[in-house]
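S.K.: Sequence:
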Amino acid sequence: MAEGKKFGAFGGVFTPSILTILGVIMYLRMGWVVGNGSIWLILGIILLAHFISVATGLSISSIATDKKVGAGGVYYVLSRSLGLPIGGALGMTLFVATALSIALYMVGFAEIFNEYIGYGYTLDENGVKVIDESVNMTNTFRVSGSIGLLVLTIIAFISTSIAIKSQYIILTAIVLSLFSIFLGTPMEGAVVANEVVNDTPLELAGFAAIFAIFFPAVTGFTAGVAMSGDLKDPKKAIPRGTLGAIAVGLVVYVGLALFLHFSIDQITLITDPKAIFNFAALPILVYLGVWGATLSSALGGILGGPRILQAMSVDKLTPKLFAKGVGPNNEPRNALILTVIIAEFGILIGDLNVIAEVVSMFYLAAYGFINLSFFLESWASSDFNPTFRVSKWFGLLGFIATFVIMSQLNFVAMLAAFVIIGGIYFWLSRKQIALGTGDIWQSVWATIVKKGLKRMEAGTDHKRNWKPNTLLFSTDSKQRSKMIEFSKAVSGQGGIITNFDL
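Taking this note's numbering, the leading residue of the sequence shown gets 1, the next gets one more, and so forth.
Note that these hints are calculated values from the structure, not bench results. Don't take every hint at face value.
Computed beta-carbon distance windows for the label pairs [claimed, not checked]:
id, residue 1, residue 2, range
1, 262, 407, 29 to 37 Å
2, 448, 492, 46 to 54 Å
3, 429, 407, 37 to 45 Å
Simulated pairs of lysine-lysine, DSSO-like, Cα-Cα distance not exceeding 27 Å [what the hints assert, rightly or not]:
id, residue 1, residue 2
4, 316, 431
5, 454, 478
6, 6, 320
7, 467, 454
8, 235, 451
9, 320, 431
10, 235, 6
11, 129, 274
12, 431, 450
13, 451, 488
14, 6, 454
Heads up, the beta-carbon is just placed ideally off N, CA and C, and yes, glycines get one too.
Modelling step: build the complete structure from the supplied sequences, incorporating the hints.
M.R.: Laid out in structure tokens, this is it:
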């Protein structure tokens, strides 16, 4: 049988990742982010958010060059490193989060698309579009979002290759929209601070609120990792494509923040969600860009989510029905159907603000455990020998930074994410499903014991820390239990008993 078409670093990793990074946040919320703080605060937020993504990108890239990264991407890596219960718990939450994120992107698409075509809007006496009070706007978002989801599902259902090729067109639209934004006409006296609107002082959001809005913009770099099963050479494609997408995203966001700060006044940035559209050289290009960005991000979820579920089904965590693939690429159509159903459920809810925060927490939790996995592999695993070498301290710093940020953004949502992940973990632990690949924990405990023994040897024992090492020779341990009890009494809590059953 002919082997299915495989993709390289650009088509399989960089393109889906950068299209998710340069998404709805950049077009609809970047102006608000820049307007709510000084340029130094905004640049600090951008750099801090990218530090987490860079640390996680380095961790996943290093792991990918040491061992095979199979279908399922992040789930596959975590389950083979931290064990099936932890990997499965994070895999299930990531699958649901990916499916619900599709709904978020489609609702964002619907908001801009409906406003452009006037669906749910009317004209006032000045000929300006305003919301039609007689129309339920949530229903209009549901209709447009559902139609868009249906179109994307048909594309993905026909072929992954067609879906990935369509992303090149979308990438072109996003690049043209950025040119239109940067070539726009700046406003006079753009840098304004401490202004008053309608006799009311302008209230600016704090660090936590700004960071919470901006951070989802940098969480798309794992979209390419999820396509690992469709890559020609994952060990080369994942590091190049992932780190390349993160680097380009950083340059774009820093450049856009500086441009908006010096080109559009603060009040307009905060109060007008369409400031970027209104001051662009060709607004239609920006519309095309945001439509392309939201659709491509949703398409990335449609491609990646089913592969997570398929990989878990292969490992017998979820029904084997979802393990079945179709065609030479083993495309997971059964898993795709379930993904679309969950996404449609999210679209029908309409108000996704609370769900969006929980979804963000799931992604952050996954990033934290990716960094932890890399740190433990680097520190404890004797056979961890990646060709892409990174200091293990990047993983530890990324792990700490991720959970510190989670606690600052929404402590309740963080607890909810941990409760759900923990519940799935204990459920999988009781099922006692094991992989032949093993996990890192035995090496971790062995390393801790070894380092502890070396530290004990390096110091001088005080008499109060007496630790007897008792050697017991017995002919039948079951019949001579009193000898074992006597040895325990002599050795105390700090001693060691070695019993030779002759």
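S.K.: Taken at face value, is the distance from the CA of residue 6 to the CA of residue 235 at most 27 Å?
M.R.: 14 Å, holds
S.K.: Does residue 6 pair with residue 320 here, judged by a C-alpha cut-off of 27 Å?
M.R.: 25 Å, holds
S.K.: For a C-alpha distance cap of 27 Å, please report whether residue 320 and residue 431 respect it.
M.R.: With a Cα-Cα distance of about 16 Å, the restraint between residue 320 and residue 431 holds, given a limit of 27 Å.
S.K.: Tell me if the straight-line CA distance from residue 454 to residue 478 falls inside 27 Å.
M.R.: 35 Å, violated
S.K.: Confirm or reject the claim that residue 448 and residue 492 have a C-beta distance inside 46 to 54 Å.
M.R.: 22 Å, violated
S.K.: Given the proposed pairing of residue 6 with residue 454, does the C-alpha separation stay at or below 27 Å?
M.R.: Violated - the C-alpha atoms of residue 454 and residue 6 are around 49 Å apart, more than 27 Å.
S.K.: Please verify whether residue 467 and residue 454 have alpha carbons no more than 27 Å apart.
M.R.: Holds, at roughly 15 Å.
S.K.: Against the 27 Å threshold, does the CA-CA distance of residue 431 and residue 450 hold or violate the hint?
M.R.: Violated, at roughly 32 Å.
S.K.: Quickly compare the C-alpha distance for residue 235 and residue 451 to 27 Å and report which way the hint goes.
M.R.: 32 Å, violated
S.K.: Against the 27 Å threshold, does the CA-CA distance of residue 451 and residue 488 hold or violate the hint?
M.R.: 26 Å, holds
S.K.: Evaluate the given range 37 to 45 Å for the C-beta pair formed by residue 429 and residue 407.
M.R.: 26 Å, violated
S.K.: Going straight from one Cα to the other, do residue 316 and residue 431 come out at no more than 27 Å?
M.R.: 10 Å, holds
When each numbered hint is compared with the structure, violations occur for hints 2, 3, 5, 8, 12, 14.
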